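Chemist: Same order as they appear, the protein sequences are chains A and B. Residue 198 in the working numbering sits at position 198 of the first sequence, and the numbers go up by one each step. Residue 172 in the working numbering sits at position 172 of the second sequence, and the numbers go up by one each step.
Think of the hints as simulated: they come from the structure by calculation, not from any bench. Keep in mind that a hint or two might mislead.
As the list claims (entries may be wrong) - Here are a few chain A residues that face chain B, going by a calculated C-beta distance under 7 Å:
(1) Leu7
(2) Asn9
(3) Lys135
(4) Ala137
(5) Tyr287
(6) Glu290
(7) Thr299
(8) Ile302
(9) Val307
Owing to the predicted nature of the structure, the values given are computational and were not obtained by experimental measurement. Backbone N, C-alpha and C fix where the C-beta goes; we use that ideal spot for every residue, glycine too.
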Amino acid sequence: MANGSLLLNKGKEIIIDRAYNSATTITAPSTFKVGISSGTPALADTDLDIAVPITNGTVLSDGQDTLTGSSGADNSTDNTTTFKEGAGVSDATSQNLLADGTGTNVLKIWAISDLSTNGTKATATNPIAFWLYIKDATEYAKLKATGTALEFKIGTDSSNYYSKTFTKANLAAGWNWITSGTTAVNAMTETGTATDADLKYFAVEVTTTVAGDTFAAGELLYDLLRQWATSDLTKTFESGYPTINTTKYEVEIRGKLTTTDANGFPLDGFGLENTDATALMHSKDTYTDESKSSTDQFTYVIKDRLV
Amino acid sequence: MGEQVLHKITIAGVDVTNYMTNYTVIDTVEDITPAKIVFIQDIISKIDLEDQQEVIITRGMTTSTDYTIFRGYVASVNKNYGTSIIVECFDKLWILKRKIVSTSYDKNIDSQAGVVSAIAQDLIETHGGLTADVEASGSINTSDKVILRNNSVYEKLKELAKFLDYDLYYDPSTDKVNFKTRGFTTFGTTIQTGVNLAELPTWEYDYSTIINDVTIIGGLQEVETTDTSNTGNGVTTAYTLDNTPESIKVFVNSVLKTGGISSQTASFDYSIDKETNIVTFETAPPNTQSIEFRYSYLIPVKVRQRNDVSINKYGTYAYEKKIDTIVTNDDAVSKSTEIMTKFDDPLVKSSLRVVNVMGMQAGYEISVVDTIQDENRTVKIRRITYNYPVSIDELDIDDAPLYTDYFLKDEIVRRLRDLEKRNQTTNTLITQVINKKRDFKPRRRYMKLQKDVVDLANSWIVGHPIGSIVGTNLVGGTYTSQDVVQKLVQGNMTYEEYAYDTDFHDSINSTATFSTVTNDITFTSGQVWYSGAIDIGTTLSSIRVDLGTVVGTLKIEISSNGKTTWQTVNEASLIGVTTSDGTGTYIRITENAATTATIDLTQDSLGQNTEPVIKVLMVE
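Just chain A, with the same shape it has in the complex (with noise of 0.2 Å):
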């Protein structure tokens, strides 16, 4: 990723139309996203490539639900060491993946049945995600290298659900936040027939190079199942922001993230929205991550000008 910090195409049709059209529709931007895993910005973009959410949206599972194990793998333990904050929770708390390798399966897989009773069932409409770590290059080493390394299930139970998958060079060692990104959950891939009110079965299915490889405590974890709305995404500006200098034609823009928000996160980019029906992004900027916890206080400042 090469850093960058550009005005898209989107963001010179705002200018324009709000300059010269005097029945301008077009909305000034207002709000701002952050995001991770940022690529090199490019002019033709119209969101960040990957957005989180800045405020909390709804946890499903805060990661102290223990999870079942099953084919190749065991029931997970609490881990206190290794684990994610955000989304408002204050566990301190992740899952062990156990796996202890013995049977003949590669696959492994970990388990809730029944998020109502451990935890909150999912929502159809909204999109879904969690963290997931791998504790370093050799825990790396024993996923599948071609195909389908992860996958994770919500739905009704183990026949019918919705789900993604994910090769081995989707994930890297450390914390991965496995998302289905602005895809709702009811428009994920489904087998069987998911009951959209009844989205109680979450899965995390990892298949490994050969049935004899193991996970102990603390070398693959999982965390904080949580999903958000779209509204959950954006931020207005900073109270008294944008500022305009008429004399050097300047504009000042301001974004905060408080400690409660966006926490957890290695946030890289950076993007200024409006408020249109389908929101237009203005502008993008992307940086080396910074990473955002409970501690801290994020403000962005923009400026720009016409020369």
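Keeping the supplied structure of chain A fixed, place chain B upon it in accordance with the hints.
Modeler: Just chain B now, kept in the frame of chain A:
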């Protein structure tokens, strides 16, 4: 950059990739695509190479068959000193070139019914043995008879394509010969420095193609008028008309008079000189008698448009274009505006070396962004050369418009224009269109990320999961917010200092005078100007510093490790940065001739800024 591109070559269905050492495929618009492949000698153990064997070359970033860049036939096999075997191939259009056919298509007899696209399809499929993808040309553009007498199918297809203004080309990805309206497919990926351009392009500007003062002369329209403004006085014989008459009737005292030609007609009352628009009576109309001229004259639609911005920039490039089919002023204005838009700047050409971009073909329209040389253009790929093992595609591109028929350079056409001018009226009626084109550039100046680490022990934050715990967090504590700049990214990775404010002026360490009133930096002997950090968080590989209008001699230095070390750089040169660690990039400028110096904004004659005081391009 630097991702692995996967390739695959098959000959007659046999995978010979492992025997291939290099290949070159050259794809141009509307021409046969050649491919040259070099194999190691061992290939002969895998396959007997013969002409006419089908060759398919594919490549991609995900699999080796993502994109088909060549599909054709072996044309020649050269065994080279027992070390390598060179196979030369042509794409399937070559088949059509070699097909010599005698046939005819009669509008009233054959099933194609004179429809040119249907004839083309039959030529491609029936006689060429290939699959066609044609765009129907409709029943208006038909031909009564199309005859081939030992003609090449390819040449006849080219003729038909020209007649319809179609393109003829072979698409290896679909394995079809296309016969379609001329146009361009827009390619979605932007070609950009620092992303997928392997080296800085050289931009060539052809100024001879500029048109910034155009006169459109449309079709002539005949109109009638009656001129009753004159009265005889018994003396005056010559009367001047306002327009040049095509046909005329002259009445004196309401009596029709006879026209003639002086020294030719035996008896007449008046003659006309069309060069001067003068009607001359043989005998002066009597005093007080009315004189009435009823005549028709030709009005051309005539519009002239100038582009002053282009004229100021390049000088006047005037051109006159006659288009008989234009008969309204609005159409003439539209056409002149179209010409102004297409030709107000010189034709730009370049050669690009592109890495890791799949799917481009000759004929595609692409966006090219060169942030280093400030070029941002939409251009057409005229030719693309695919290479292996160096997976850098070489593109010949330009921004010539689709139609270049405005460039009438041939002698024959010049004579045609002379003929047209003789018919042209000398009527001076003309519509002037003043074209004012302005560019204004909204720019992202910079993005700055400030981070404040909150002291939760001395804070109470409502709704915070661990910052609002009774007995742990403190209401009314002494914590003071301290925003520390963590990241600073300039717009387009380019710092531009216009000296409008002091955002990047280090007032503590600078001894030179930085003025936001006069928008300049002034130095006395030995004085120094320091910038604040112009980038934080980026590790730079190279940098280029440009100064505005300079008087004096200045030494320019940069630091990209938080001012730990400084590196002298030459102005206007892209220099490799010796040490960069993301802690901060700074500029230091020192007066270097024991006298005074200034750096000013560069402005045009209208006082508009054309270059900032300082411009720094940073490359990661």
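Chemist: Against the earlier hints, flag every one the structure doesn't satisfy and list their numbers going up.
Modeler: Structure breaks hints 2, 3, 4.
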